[in-house]
Amino acid sequence: MTDQTPALRLEGIVKTFPGVRALDGVSFAVMPGEVHALMGENGAGKSTLMKVLGGIHQPNEGQIIVGEEPTVMTSPLQAKSKGIVFIHQELSLAEELSVAENIYLGELPLKSFGRVDWAKLYAQTDAILEKLKVGFNAKTRVGDLSIANQQMVEIARALTVDAKAVIFDEPTASLTDAEKVVLFDVIADLKSQGVGIIYISHRMEEIFKITDRISVLRDGQYQGTVVTAETNEEGVTQMMIGRKLDLSRAAVTHELGDIALEVRDLSCGKLFENVSFQVRRGEVLGFYGLVGAGRTEIAETLFGLRNPSGGTIHLDGNEIKINSPADAIAMGISLVPEDRKGQGLVLGMNCRDNMTLPQVSDLTAGPFVAEGAEIAIFDQYRDKLDIRTPGWKQTVGNLSGGNQQKIVIGKWLSMHPNVLIVDEPTRGIDVGSKSEIHNLIRELAAQGYAVIVISSEMPEVLHVSDRIVAMYSGKVMRTFTSEEVTEDNLIQAISGITPTNKVA
Amino acid sequence: MATLSKQDIGKILARQGILIAFAFFIIGFTLANGRFLSPDNVMGVIRSSAILGVMALGVTFVVISGNLDLSVGSMMSFSTIVVLDLHDKIGPALAIPAMFAMTLCLGAFIGFLVGYLKLNSLIVTLGMLSAIHGLTLTYSGGKNMDIADKDGTWFDVFGQGTALGIPVPILMFLALAALLGIILAKTPFGRKVYAVGGNGTAATFSGIKRARTVFLCYLMSAGCVATAGLIQASRSLGSQNTVGQGLELEVLAAVILGGASLLGGSGTIFKTVIGVLILGFIQNGLLLVGLQFYVQFVVTWIIIILAVWLDIAAKRGKLWSNIA
Numbered sequence: 001m002t003d004q005t006p007a008l009r010l011e012g013i014v015k016t017f018p019g020v021r022a023l024d025g026v027s028f029a030v031m032p033g034e035v036h037a038l039m040g041e042n043g044a045g046k047s048t049l050m051k052v053l054g055g056i057h058q059p060n061e062g063q064i065i066v067g068e069e070p071t072v073m074t075s076p077l078q079a080k081s082k083g084i085v086f087i088h089q090e091l092s093l094a095e096e097l098s099v100a101e102n103i104y105l106g107e108l109p110l111k112s113f114g115r116v117d118w119a120k121l122y123a124q125t126d127a128i129l130e131k132l133k134v135g136f137n138a139k140t141r142v143g144d145l146s147i148a149n150q151q152m153v154e155i156a157r158a159l160t161v162d163a164k165a166v167i168f169d170e171p172t173a174s175l176t177d178a179e180k181v182v183l184f185d186v187i188a189d190l191k192s193q194g195v196g197i198i199y200i201s202h203r204m205e206e207i208f209k210i211t212d213r214i215s216v217l218r219d220g221q222y223q224g225t226v227v228t229a230e231t232n233e234e235g236v237t238q239m240m241i242g243r244k245l246d247l248s249r250a251a252v253t254h255e256l257g258d259i260a261l262e263v264r265d266l267s268c269g270k271l272f273e274n275v276s277f278q279v280r281r282g283e284v285l286g287f288y289g290l291v292g293a294g295r296t297e298i299a300e301t302l303f304g305l306r307n308p309s310g311g312t313i314h315l316d317g318n319e320i321k322i323n324s325p326a327d328a329i330a331m332g333i334s335l336v337p338e339d340r341k342g343q344g345l346v347l348g349m350n351c352r353d354n355m356t357l358p359q360v361s362d363l364t365a366g367p368f369v370a371e372g373a374e375i376a377i378f379d380q381y382r383d384k385l386d387i388r389t390p391g392w393k394q395t396v397g398n399l400s401g402g403n404q405q406k407i408v409i410g411k412w413l414s415m416h417p418n419v420l421i422v423d424e425p426t427r428g429i430d431v432g433s434k435s436e437i438h439n440l441i442r443e444l445a446a447q448g449y450a451v452i453v454i455s456s457e458m459p460e461v462l463h464v465s466d467r468i469v470a471m472y473s474g475k476v477m478r479t480f481t482s483e484e485v486t487e488d489n490l491i492q493a494i495s496g497i498t499p500t501n502k503v504a
Numbered sequence: 001m002a003t004l005s006k007q008d009i010g011k012i013l014a015r016q017g018i019l020i021a022f023a024f025f026i027i028g029f030t031l032a033n034g035r036f037l038s039p040d041n042v043m044g045v046i047r048s049s050a051i052l053g054v055m056a057l058g059v060t061f062v063v064i065s066g067n068l069d070l071s072v073g074s075m076m077s078f079s080t081i082v083v084l085d086l087h088d089k090i091g092p093a094l095a096i097p098a099m100f101a102m103t104l105c106l107g108a109f110i111g112f113l114v115g116y117l118k119l120n121s122l123i124v125t126l127g128m129l130s131a132i133h134g135l136t137l138t139y140s141g142g143k144n145m146d147i148a149d150k151d152g153t154w155f156d157v158f159g160q161g162t163a164l165g166i167p168v169p170i171l172m173f174l175a176l177a178a179l180l181g182i183i184l185a186k187t188p189f190g191r192k193v194y195a196v197g198g199n200g201t202a203a204t205f206s207g208i209k210r211a212r213t214v215f216l217c218y219l220m221s222a223g224c225v226a227t228a229g230l231i232q233a234s235r236s237l238g239s240q241n242t243v244g245q246g247l248e249l250e251v252l253a254a255v256i257l258g259g260a261s262l263l264g265g266s267g268t269i270f271k272t273v274i275g276v277l278i279l280g281f282i283q284n285g286l287l288l289v290g291l292q293f294y295v296q297f298v299v300t301w302i303i304i305i306l307a308v309w310l311d312i313a314a315k316r317g318k319l320w321s322n323i324a
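Top to bottom, those sequences are chains Z and S. Counting in our numbering, the first sequence tops out at residue 504, every number present. Counting in our numbering, the second sequence tops out at residue 324, every number present.
Hints listed in this document are in silico derivations from the structure and should not be mistaken for laboratory results. Among the hints, a few may not be true.
To be verified - FRET-style restraints, in silico, Cβ to Cβ: (1) Asn-323/Z - Leu-122/S: 28 to 38 Å; (2) Ala-163/S - Gln-380/Z: 44 to 54 Å; (3) Thr-201/S - Asp-144/Z: 45 to 55 Å; (4) Thr-201/S - Glu-371/Z: 22 to 32 Å; (5) Asp-258/Z - Phe-270/S: 49 to 59 Å; (6) Asp-219/Z - Thr-201/S: 45 to 55 Å; (7) Phe-270/S - Thr-231/Z: 57 to 67 Å.
Claimed, not checked - Coverage of chain Z stretches by chain S, computed from C-beta distances (three or more under 8 Å per stretch; other residues unrestricted): (8) 195 to 209; (9) 320 to 329; (10) 389 to 400; (11) 460 to 472.
We put the beta carbon where it would ideally sit given N, CA and C, even for glycine.
Next comes chain S alone, as it looks inside the complex:
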């Protein structure tokens, strides 16, 4: 019982490798900079991870259903720009639902293409990444968007407010995580998402409407993106057209890091939240130990590769394989 064979250690490494690596990172960063685990810094990390995190929640549904969503970065730029523009035109109370409606339309369009027309999600969403970027630029005329009267609006509550001493973005992230976590784990819809991603054909043979399930996943993803755009806009009250650029890969990294398989059928909201936090803490730690900001792009890539490798290793039960 107490003795672990070499094989067991390999298995544990493969299964829990990410958490073990994360623990080493935490210890290393804490030794290098005592501020790393201070409450202020921890709160700061979670807060700055909230936008990424909210997007990752939606993408988790898409990934579990066996698809990809690479459009979330530019879709988030779109939401941000639209809500800022409409804020001054129709007021925040109308601007927010209008922005959600427009973003959901984009999600529905992608869901239609991938779900009902059965087009490859990589191609569709990669195309939408650039198409939505073009749409945003057309909408804004290429200019940055700013709210005219930054002091006279309540719109900043989503990005800058606090409730019970906790920043609102964190509360929104956690509330949404709880809600979506329950939907995924406890409702018939969640079960269908796993079935469709695990084996779409078998799901169809069990009477599950595969197209509709995929469609709804993209709709949820778009809803999350709109929420992220709202937080982003509210935090800065002004924005460039490219605010979400590159986020799609970070989001995907967080989801994979949490252990969702890119092949679909596995993953949980809780694991995604862990993935988001790991990514946030590592990026923050790199800054605290004095590395340049752009080093994190490289490190993020290394982490993704590590996560994917360990995912595959866990499936075959060992780190190395002599079979091609």
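In isolation and in its complexed conformation, chain Z is listed as follows:
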């Protein structure tokens, strides 16, 4: 393999933005017929590197070499003409048009007087689709396809040129397991045709399944390239964050307090039915299940965003009714929502204003907001949670995912809630900040907060929870203590396999 000319080679790429060295001498090469993983935490420079490759940014130093030809990229279209094709995470297809029209958008075959040569268009498209072995044809409307099949259309689009390198950016983010298999087949196919593939993903499992080599970026710097078969998850993680990530099981190290929140037979239409559980002060209760199992809906009901159709909620032993988020907040129930940017933060506002938003009506001096008190709260929780920001005036949208999440957590902690619900605590957060958030959750429990953690990541639930509620299709299948739970019985429970009557 080393004797060959690389399909695509990057040499000493440097890209600076005012005040930031986003890429600092990145060099690596993708061989024809190789699947090359590109990994790094959020903010490590992967996106910037892709933008340089696609001609959206011009590098300050270094060069891009396609085959043997040094190339200046000026736009994604020009990159494509050089044989460098991108398959983006977010699809860019015209849903109302046919598969064929999407694939040849902008370069439809024409007859005289600018009329489209439909026969030729469909024939060309079907030829490509045949190679991909997909179950739809050239005339199918793209909007009728599943996400996975839409991705196939993107890939088909890539195949209309003589691709030298194809770049997949988090391609499996919205695919089911079955769909992933099809995608991996296609990648294997491309590989056998001698195409070089750059595969960007956070999912270790996939990386180790399909890639040949792994290159890692950290803080814009190239950390090296390793042969996949010669390393393991731990090794790669260490390259990405510069240290080891601890995902060992949490040990209960403190006494549990009274029951803070108890839910009895709570139902909300068909979203979830007859859900019962309790959380004690000092305890982390994990909720695990597949997407659509009803976990987020329970959180939203407890936070007053949905009205339950049955059942009761008890706080410190007293039955309560929660009709709005304002009610929930007043009773000390807080929610760190799953969609941080959409639900958790006003991105255009500064750090301080975001943090004090729920209590701004109470932080007053006469009719005015007491800004001094606000800054004091911000400073206190910035130190407590180790939020890295130049100051409270910083716009929240400019912070990294991990720091944004800490702002949301700080927002609620500063109100000293009875119950803190955290939905997907580390979604879209880089590995390093992940363990910080995990430690934080454990610490909060130790301080006596009752914490509910909802997560789709099994290692995370196992790591932070004292007990785990396994949900399937709106029902609680089983509640595990941390001694009982294993990966196997947890997976069985959330897959709807009837709960065993084993008493632990």
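Assemble the complex: chain Z is given as a structure, and chain S must be docked to it using the hints.
Relative to chain Z, chain S alone:
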């Protein structure tokens, strides 16, 4: 430090473009007509901008909350006609609060539709633009409204009076600007307006009552419109049914010119005041250099486009974008 890169210049242009363009306008107009910066003319411009300005203050709240208000022009006609009519029927002392109450009802209705029923503000207020116009015509029977005894009333004080040598409309505009500026920048309500406009969902998830906040913004807008109607009626003591026609776009222009984003979440009262003055001075300058009155409609449009372009350019940090 002293050297500016091309990128920096682009950024400054994008951020401060409107003020820079305004400075060029001022210099150009002053060279073309020496009277442009005379105290009389400056005072005249501010005075004639006062009505537009008062309306723009209220619309600033609505725009920051992420909505539009295109009904303010015909609502202002309504206020003017109503207060003039009631003046002769129940006397000015009662006519003024009655007119405010009626105008606030209109604002509350719009606030209910947009806030609580969550209807699209563009559709609601565009519809109200024409509905309120119809209401005004029905009320007046299509006739112009005049005060019978124009010399025997104190009602002209709001539009024609002066205090401390400054015309009352200017004082009202500045006082209201100060009051609303403080409400927006310093009170919990103001903070909520920014939050609701910046990200309504996140505001809800923080326990903020989004519907009520939007409702109150429309109520404030209506209050400003009523004040503008009062000044208008008091200035002329008689009015056509269409006195406020077209003002909704000029108001919006001033607010955008000041830098409030139509997407909501940003803008300040101070910036709106600047926007009002820029618009007023440019329109006045065009007249002074001898252009026809109606040229200003075209120029106003050009200014709006320029403002919107620079707003977007400031967000992406450069004037041009090669990404669609």
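Status of the hints after comparison with the structure:
Distance hint check for Asn-323/Z and Leu-122/S: the Cβ-Cβ separation is about 31 Å, which falls inside the suggested range of 28 to 38 Å. Between Ala-163/S and Gln-380/Z the C-beta distance comes to about 48 Å, which sits within the given range of 44 to 54 Å. Distance hint for Thr-201/S and Asp-144/Z: a CB-CB separation of about 30 Å, inconsistent with the stated range 45 to 55 Å. The beta-carbon spacing between Thr-201/S and Glu-371/Z, approximately 25 Å, falls within the hinted interval of 22 to 32 Å.
The beta-carbon spacing between Asp-258/Z and Phe-270/S, approximately 52 Å, falls within the hinted interval of 49 to 59 Å. Between Asp-219/Z and Thr-201/S, the C-beta spacing of about 33 Å breaks the proposed range 45 to 55 Å. As the Cβ distance of Phe-270/S to Thr-231/Z is approximately 58 Å, the hint placing it in 57 to 67 Å holds. Residues of the stretch 195 to 209 of chain Z lying with their CB closer than 8 Å to a CB of chain S number 0, which falls below the three-residue condition for coverage.
Residues of the stretch 320 to 329 of chain Z with a Cβ under 8 Å from some Cβ of chain S number 5, which satisfies the need for three, so the listed coverage holds. Coverage of the stretch 389 to 400 of chain Z by chain S is violated [criterion: at least 3 residues with CB-CB distance below 8 Å; count 0]. Residues of the stretch 460 to 472 of chain Z lying with their CB closer than 8 Å to a CB of chain S number 0, which falls below the three-residue condition for coverage.
Figure legend: structure checked against the earlier numbered hints; hints not met, in rising order: 3, 6, 8, 10 and 11.
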